[in-house]
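Peer 1: Take a look at the letters that make up each chain.
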Amino acid sequence: MSELSELKYTPEHEWIRIDGDVLTIGITAFAAEKLGEVVYVDLPQVGQAVQRGKVVSEVESTKSVGEVYAPVDGEVVEVNAAVSDNPELINDSPFDQGWLFSIRVSSDALAEASFIDLEAYSAITGA
Amino acid sequence: MDTAVNAPVDSTQPHGRLSPLDDVHRAGGASFTDFAGWQMPVRYSSELEEHHAVRTAAGLFDLSHMAEILVKGPGAGAALDYALCGVFSTLAVGQARYSLLLTTDGGIIDDVIVYRTHEHRFGVVANAGNRAQAAGALSVRTAGFDATVVDESDALALIAVQGPMSQAIMAKLPDLHLPTPVADLRYYWSTTGAWRGEEIMVARTGYTGEDGFELYILAEHGASLWSALLAAGEEFGLVPAGLACRDTLRLEAGMPLYGHELSLDTLPQQVGLGRIVKLAQKGEFVGRGAVAHGPSSDAPVLVGLTSDGRRAGRAGYPVLAAEGGEPVGVVTSGALSPTLGFPIALALVSPSRAEPGTELVIDVRGKPMPAVVTSLPFYKRPTTD
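Taken in order, these protein sequences are the chains called A and B. Per this note's numbering, the very first residue in the first sequence carries number 1; after that it's consecutive. Per this note's numbering, the very first residue in the second sequence carries number 1; after that it's consecutive.
Hints are computed from structural coordinates only; laboratory data are not their basis. This structure is a prediction, so every number in the text was calculated from the model and none was measured. A portion of the hints provided could be inaccurate.
[As the list claims (entries may be wrong)] Which residues of chain A face chain B? A few of them, derived with a C-beta cut under 7 Å, are:
{"hint": "1", "residue": "K8"}
{"hint": "2", "residue": "G36"}
{"hint": "3", "residue": "E37"}
{"hint": "4", "residue": "V39"}
{"hint": "5", "residue": "Y40"}
{"hint": "6", "residue": "Q97"}
[Stated by the list, open to error] Residues of chain B clear of chain A, computed beta-carbon distances all greater than 10 Å:
{"hint": "7", "residue": "S31"}
{"hint": "8", "residue": "T148"}
{"hint": "9", "residue": "G197"}
{"hint": "10", "residue": "A322"}
By construction, the Cβ of each residue, glycine as well, lies at the ideal position given by its N, Cα and C atoms.
Use the sequences and the hints to build the structure in full.
Peer 2: Given below as structure tokens:
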């Protein structure tokens with residue numbers, strides 16, 4: 001799983017792919033499994049300013065709701081419209097087709113971020 | 001990400017009690033959830049597929065966490081008449097009845113199904129989380145009667161076959177010997193027979209809004225019965241199903257769930273269950289005075305709510321007036337209905353807002369979602385001609 005090891009994670013079960021100053025965010029397979037089948041996704045608007053730790057997206061399953069936080073300060077530059085039309089992509093392909101949104105990071109925000117690596121994340125989930 | 005099911009997301013999985021069918025669930029690839037202190041299957045593959053299977057074919061549920069409390073003796077019927085809000089002493093052997101265990105204040109300790117299995121023996125099935133309260137209350141309340149209360153929960157496995165194909169599946173279950181064919185078993189009746197020589201009780205009851213059967217057998221035979229049912233049901237589309245789809249199924253059927261719609265703070269009349277309290281047909285019973293007095297005129301009442309879109313109101317979300325936006329109630333259960341395709345919810349609202357057709361608003365995490373009061377159930381199974 002070398003690809004997963006290239007991602008960063010948060011203890012809130014989000015994954016982050018860092019590409020320069022653009023961060024792509026989704027929820028982990030562990031979180032998707034625990035939520036159950038996703039039936040609705042609420043995505044932010046492109047251009048929307050987001051604040052680290054604030055809710056920017058919601059992922060709803062038949063049974064419950066997952067809130068997705070901005071992992072850094074920044075601006076939404078792209079959202080994955082495919083998951084709005086096909087929320088099950090989050091269950092079927094959480095690390096790939098089920099990505100949620102990407103953020104352009106404000107200056108220095110990345111340096112202040114406290115992401116964890118796959119090993120630390122796996123320790124949290126017990127996987 | 002944070003979720004409303006934070007406990008299951010927690011890495012420190014609670015080590016709950018295990019079903020006698022635990023091994024077959026794990027072998028079958030189930031995901032588990034902690035439910036009332038039990039580790040029970042939440043889904044096998046897909047809760048939506050399991051949901052649809054129960055509506056169109058059949059699903060197999062392990063309900064071994066439910067509490068089975070035996071009340072036996074010549075005074076058992078009279079004891080239950082006093083302990084619960086229904087009439088049981090006049091039930092025919094084999095007949096079943098849904099009822100409530102009330103406090104003296106009329107609050108609901110639990111909802112139960114009572115089966116008269118023999119002339120002097122009744123089985124009371126209570127919710128897993130209320131086992132101790134139900135067994136305790138029954139023991140105390142029957143003390144003055146010629147009846148004995150035995151909590152048999154640990155000894156029994158309970159398996160439910162639910163869905164339009166359930167009768168066909170039961171008829172194909174090998175080695176089942178009942179006094180009458182399952183086709184002749186009426187809704188809310190049960191019969192006792194043998195499966196592979198072991199005593200089994202088969203009841204035509206359920207909690208999904210579909211036709212179905214619930215099977216009680218000694219715990220050590222549960223796993224083999226489960227496997228035999230799966231094999232018998234394969235040709236009919238039977239799938240193993242978990243608690244996740246059970247919740248959406250019961251919600252579509254408008255059935256209350258303890259801890260959501262039913263609680264110590266709700267009187268039966270508030271949640272549409274006034275009809276099961278038999279004030280006229282029986283004498284003294286626990287809660288009689290409070291229920292006869294009834295809830296106050298402004299006490300909230302249970303309604304169904306439907307909305308457009310894909311976003312669901314959830315338990316605990318405020319319900320607001322459509323005009324003015326003042327709080328008028330709270331959602332007790334809600335989901336995007338897999339069968340209907342739109343959001344449904346049960347809510348306790350002010351009686352002045354309970355008329356079907358009343359427009360309300362559900363506060364979905366700060367965003368207003370229009371909702372309309374709707375008659376229950378949301379889903380009713382098609383009648384067969």
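Peer 1: Look at each hint and say if it fits the structure.
Peer 2: Going down the list of hints, with the structure as the test:
no. : hint : result
1   : K8   : violated (14 Å)
2   : G36  : holds (5 Å)
3   : E37  : holds (5 Å)
4   : V39  : holds (5 Å)
5   : Y40  : holds (4 Å)
6   : Q97  : violated (17 Å)
7   : S31  : violated (7 Å)
8   : T148 : holds (40 Å)
9   : G197 : holds (40 Å)
10  : A322 : holds (22 Å)
Checked against the numbered hints given earlier, the structure breaks hints 1, 6 and 7 and satisfies all the rest.
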